[in-house]
Amino acid sequence: MQVLSGISINAYLLLSAVLFGIGVLGVLLRRNAIIIFMCIELMLNAINLLLVAFATAFGDAQGQVFVFFIMAVAAAEVAVGLAILTMIYRNTGSVDIEVLNKLKN
Amino acid sequence: MTQYLFYLLSFIAVFCGILVVTSKSPVNSVLYLILTFFAIAGHYVLLNAQFLAAVHVIVYAGAIMVLFLYVIMMMNFNKNAEPSKTPTTQLIACIAGGLLLVTMVGALRVTGTLPVTPTGLKGTGLVENLGKVLFKEFLLPFEISSLLFLAAMTGVVMLGKKNSN
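From first to last, the protein sequence lines are chains A and B.
Using this note's numbering, read the first sequence as starting at 1 and increasing by one per residue.
Using this note's numbering, read the second sequence as starting at 1 and increasing by one per residue.
By construction, these hints were calculated from the structure, which means they are not laboratory data.
Remember, it's a predicted structure, so these values are computed and weren't measured experimentally.
Certain hints may be false.
Within a straight-line C-alpha distance of at most 30 Å, the following computed DSS-like cross-link-like pairs (lysine-lysine) qualify [what the hints assert, rightly or not]: (1) 102/A - 85/B; (2) 102/A - 132/B; (3) 85/B - 132/B; (4) 102/A - 136/B.
Not everything, but these chain A residues come out facing chain B in the computed CB check (under 10 Å) [unchecked claim]: (5) 27; (6) 35; (7) 49; (8) 98; (9) 100.
Covered, in the sense of this in silico footprint (three residues per stretch, anywhere, with C-beta under 8 Å from a C-beta of chain A), are these stretches of chain B [what the hints assert, rightly or not]: (10) 25 to 32; (11) 61 to 71.
Note that the Cβ used here is the ideal one computed from N, Cα and C, for glycine as well.
This is chain A alone, in the form it adopts within the complex (with noise of 0.2 Å):
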């Protein structure tokens, strides 16, 4: 089952499944919210990567636009985000999570 010329499905079945381990590697190893945020997005894409490759082995436009959607969900989910850490830098002065282990004062 080849995607391109030589490439296997395969292939991009390990590059996604390496990436998003880099991905979850992140957000476990980092203290800095934003950084966890940024490793989120990178699983995401990974997943986006992965949703694309079968749509070109199928030959079918669903995979497309389902990735569409999975943009549209992140750039809402970006935004939010990032206006809470905003709010919880402005009322803690870090974004630190061990800051943030209590969820209260």
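Mind docking chain B on chain A? Use the hints.
Quick look at chain B alone, frame taken from chain A:
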């Protein structure tokens, strides 16, 4: 030719992804993440999804990452550097993340290839074809996503207002 492009773009994406996680300054992380997104946009072009590649560059590199940069520059992190987690926690995090990666790769290795029957539409990723699918089969989700944006917009304005107390 396409093979070499695939490997080059994959290398750039993975390398910059690792740098996003490891770089100390959040601004550097954002810049590396933009490079990763451009590599993924190149993948979309290779996969004949030209419209998605354009939308990806516009939405992610153009809008979302600018938002990230704006928030980071507003927060001014330079005074207090981010303290890192304890070595034990870092080790546990590496083991957990690495195990997830090993599990996924191991599961993918034993996966057989699917029998595929391409419907053979030429130009699947072009605007004409995608627009037809989007406005015929996915009209209701499309309208609901506009509601989602409205809710997100009002929510952000509510959140961003300064508290009176």
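Hint check results:
1. 102/A - 85/B: holds, 18 Å
2. 102/A - 132/B: Violated, at roughly 49 Å.
3. 85/B - 132/B: It is violated: about 50 Å lies between the C-alpha atoms, which goes past 30 Å.
4. 102/A - 136/B: violated, 47 Å
5. 27: holds, 8 Å
6. 35: holds, 5 Å
7. 49: holds, 6 Å
8. 98: It holds, given that the least Cβ distance between residue 98/A and chain B is near 8 Å, below 10 Å.
9. 100: violated, 14 Å
10. 25 to 32: holds (count 3)
11. 61 to 71: holds (count 5)
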